[in-house]
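Number of protein chains: 4
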Amino acid sequence: MTFAGVFAPIPTPFDAQDNVDADRLRVVLARWMKSPLAGVVVLGSNGEAVLMDEAESDRVVVAARDLVPRNRGFIVGTGRESTQAAVRAARRAAGHGADAVLVRTPGFFKTQMTTDAFVRHYTAVADASPVPVLLYNFTALTGVTLAPAAVARLATHPNIIGMKESGGDIAQVADLVSATPEGFQVLAGSAATFYPALCVGAVGGILALSCVVPEACTQLFNLARAGRHDDARALQRRLVPLARLIGNTHGVPGLKAALHLIGYDVGVPRPPLMPVPDSVLSLLREALAPFEEVSR
Amino acid sequence: MTFAGVFAPIPTPFDAQDNVDADRLRVVLARWMKSPLAGVVVLGSNGEAVLMDEAESDRVVVAARDLVPRNRGFIVGTGRESTQAAVRAARRAAGHGADAVLVRTPGFFKTQMTTDAFVRHYTAVADASPVPVLLYNFTALTGVTLAPAAVARLATHPNIIGMKESGGDIAQVADLVSATPEGFQVLAGSAATFYPALCVGAVGGILALSCVVPEACTQLFNLARAGRHDDARALQRRLVPLARLIGNTHGVPGLKAALHLIGYDVGVPRPPLMPVPDSVLSLLREALAPFEEVSR
Amino acid sequence: MTFAGVFAPIPTPFDAQDNVDADRLRVVLARWMKSPLAGVVVLGSNGEAVLMDEAESDRVVVAARDLVPRNRGFIVGTGRESTQAAVRAARRAAGHGADAVLVRTPGFFKTQMTTDAFVRHYTAVADASPVPVLLYNFTALTGVTLAPAAVARLATHPNIIGMKESGGDIAQVADLVSATPEGFQVLAGSAATFYPALCVGAVGGILALSCVVPEACTQLFNLARAGRHDDARALQRRLVPLARLIGNTHGVPGLKAALHLIGYDVGVPRPPLMPVPDSVLSLLREALAPFEEVSR
Amino acid sequence: MTFAGVFAPIPTPFDAQDNVDADRLRVVLARWMKSPLAGVVVLGSNGEAVLMDEAESDRVVVAARDLVPRNRGFIVGTGRESTQAAVRAARRAAGHGADAVLVRTPGFFKTQMTTDAFVRHYTAVADASPVPVLLYNFTALTGVTLAPAAVARLATHPNIIGMKESGGDIAQVADLVSATPEGFQVLAGSAATFYPALCVGAVGGILALSCVVPEACTQLFNLARAGRHDDARALQRRLVPLARLIGNTHGVPGLKAALHLIGYDVGVPRPPLMPVPDSVLSLLREALAPFEEVSR
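Protein chains in written order, with this note's numbering: chain A, 781 to 1076; chain B, 781 to 1076; chain C, 781 to 1076; chain D, 781 to 1076.
Read the hints as simulated data drawn from the structure, not as lab findings.
All values reported here derive from a predicted model rather than from experimental measurement.
Just so you know, not all the hints are guaranteed correct.
Same chains, same names: a pair is fine if it fits in one copy or spans any two.
Result set (SDA-like, lysine to any residue): computed pairs, CA atoms no more than 25 Å apart in a straight line [as the list claims (entries may be wrong)]:
# : residue 1 : residue 2
1 : Lys890    : Ser1062
2 : Lys890    : Thr919
3 : Lys814    : Arg1005
4 : Lys814    : Glu1072
5 : Lys814    : Gly877
6 : Lys890    : His1009
Take these sequences, add in the hints, and give me the full structure.
This is the structure in structure tokens:
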């Protein structure tokens, strides 16, 4: 199973009563399926998974599964703070048709999250999961780091086939590639550094930005793979301002606002998240303007 | 309702099958109720609340409620990442007999956790909660800070009566006291700086250390309140080494290990948390030795 | 030799041609000598010592020495990045009449500044210095920390008699007091936490704020020493807003601006430091207003 | 004047009496001049410039100038904390034959080092310097950042022709390239991320690692420029372990120790720097082994 290419970590629509809105989800997902994306991730960080309960999570997986054809990847985020909850979530996602699960590190008890603790946690999940496991490090949100030394140990597990590294630290991405065997798939999570991540050996990306400009992100991937480095560098540079607005500074509310501006009705963020203020809408509009694809 | 004095944020016992063990909980709680503690907190950070589901949380509250007499405080931790889940948890805790709820800041989406977002979140919880609300800031674990400016706004809500500040930054504690009206109760969460926190206006503490040496912690509180500052300073100094081992470096596993050493059977930590290694047991044994009360 | 009490780390006046202005220095120093200050520090961080060469430094010491009577402390900052330069600076300061030297940690090569490196550095300086040495930790400016373990080793040197800790971390101050023998003098450098530092055992302070309000700072010290903790706490609270403006946020330019507002002509900061903008002058004026002594 | 290619920031030899050793400097420099290096930097961070006085600095420049032929670049580090000292140092270095000066940001008064302060500082230096100026950002040592916004303003000065960015943050390097006009030369300072820095538009590097393996570093540069990205990535990966040992973890003492192991007699570090312990020597020996060039 390969995860080369660009995957969109899609947001979860909520309605005005703060409930999961499966109808809206189907509509927007159908539109993404007309783009060249290699696949989607549901219930990732951008899916506001930590704000939802288990029943809601299941509804999202079930609703989305039908819309994603078998020739695209369908990945489900199933990270939980406790090992037993992470095991159960992986099993349920597999039962509902996930191709793979993306398992964010637990991170609440920061000083206790040692390499040994991570290895035990992920081994338990990978042993139990009926589908392949992707590790997932997102230090900026979790405050912990799944270091190359831990990943090297976990990469030998037959059911752990890759990793998403959300940080923009290219040396870290390079280390992960070096520390793991040929075939272990490192996926970049930071759109602003997607091109250099590909330079040092990442095989693809799970990029919030690709929800908004799936074609440009896919093109960047294709240029880099074709060895057209000057063109790739130029396109990366064009994408940086939008990537920063969506991925980092304004988070899920920024992503949802950008999608609204280009006609994807993904509802409002769930509280405590607040919609972005009007000033950010203006910034987003400006940053979106250079991308023709978004006006279709 | 006053929270002056020392409260113990007690751990949750799990059995060998990784289930909540209500019987063990009753036994250890009965022992704490023989100490001079002003009350207890269940389902706080030290209660491993983030590793438990809602049904398990309810079982802990129900089991503990019976053991805590009405003349001691019974506080339940009900922080959740989503506002709607936090509202529901506060209502359920009140329904099961909590005197007050202790509501940790949501913290997953760090850059979005602005003062406005916190004010909206806590106002919704305080509006809905049948019992008084204590705010709860724990930057080292959450990565976000409920700043004095936000607390100043929230302190005017009639159902928000105080706050636990877990950080050891005494200037921050002093600022919280200054920023809030007379009667708003600031509680310290860091045992290693409990005495200077009392100096600058904290009215009490919720201290992991007080699970282990409830008498010494209570005595420190009483000395400071009586104006016996030299004695208070000396006792604080004696407590620091143990406070560091339990509260910071070794977290919940360190607390559970220390309790085992003095005869409280609180089971093992829930995975991904791991029991402390033998080397830490030795350090704990050494740090406990000077405290007579633990040998009873 | 005792350093109990409040010392002012005075700024160095520069004239419009960016030269040291010894005349202005004499005028302002004479005014400080009418206050109840226990003494002064020249060539500290607030003296812009790192922006001056050795000849300029000597001129400041010589000019100031005459104005400080023998019953007040006259401390000279002599920290340098290299050990040999620090040794020479201490000798020269002693030759020009310093009562003690205050030696900031070297900090350029951060990862190499281990406990062993600090012990070797300070031992060389203390061996060579004709006058007693005060250690000086200022992590916010240097990026390194002279930890309690290093201080404990150095405190046994007969020519190292105390330390200035500039950080506001009260637990750190308490640890320094605990780690060193009776008689080793810990001085606080953070005015916003001066009172709690005294609570945990500091014997005095070297406070930028005391250049501006020497009487209030001295009064705070006297209240704490007399056991009048409620009054001390109240005065500390009054001082915090001014302390923050001067000590932290606006640094030397803020200090010089505040002094100008109350009639001390200390000239402009040396470039690259820039004078504070008018908006900060307004904030300073407002924060100074409640202190009567400044209007004399 | 172009700085494309690889420059070695060479260390300064000190003798057993802790004095600058110009004879040793000449010997080692002659050897470097047999390598394919594009040039050298003297009195950079690796030259321990902050541990030397002005007279010593001049001796190093004079001694080195003669050994560097006119077809290689000869850059002198002239950063100082005060603007007036930085101006004088640039003039003196030019007078002694520097091709360009490399001017590290002042960084002692961290919160005051705003974009405006940096622009004023560097403009004064560039106005006064008889030779071109290279900006120099090294956040890990200085604690301040010369941000792309400041660099964009300074890049319009006719005497400011480029910049060294020592951080390994590739997004930052890319931003600097984007923010500055065609022809402004961004040089990488982090050997562990040299290849991705070239990918995003750096034109060369000033790399401590290139003191030790000048041929491998130059080859990496040539491979990237030739578009041989797979080979470049592979060579980068081989260089990372050695780059980490020398550049980051063990600093100047690590660099001097590595050079000793391969026959460059560069003396000991100046105190407070300490020689590396034997355990580090073993690590260095191991990391050097795969590089044939070092055994010549």
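Evaluated hints:
{"no.": "1", "hint": "Lys890 to Ser1062", "in the structure": "between (37 Å within a copy, 23 Å between copies)"}
{"no.": "2", "hint": "Lys890 to Thr919", "in the structure": "both (11 Å within a copy, 11 Å between copies)"}
{"no.": "3", "hint": "Lys814 to Arg1005", "in the structure": "within (22 Å within a copy, 38 Å between copies)"}
{"no.": "4", "hint": "Lys814 to Glu1072", "in the structure": "within (16 Å within a copy, 54 Å between copies)"}
{"no.": "5", "hint": "Lys814 to Gly877", "in the structure": "within (21 Å within a copy, 54 Å between copies)"}
{"no.": "6", "hint": "Lys890 to His1009", "in the structure": "neither (39 Å within a copy, 35 Å between copies)"}
Of the numbered hints listed earlier, the single one contradicted by the structure is hint 6.
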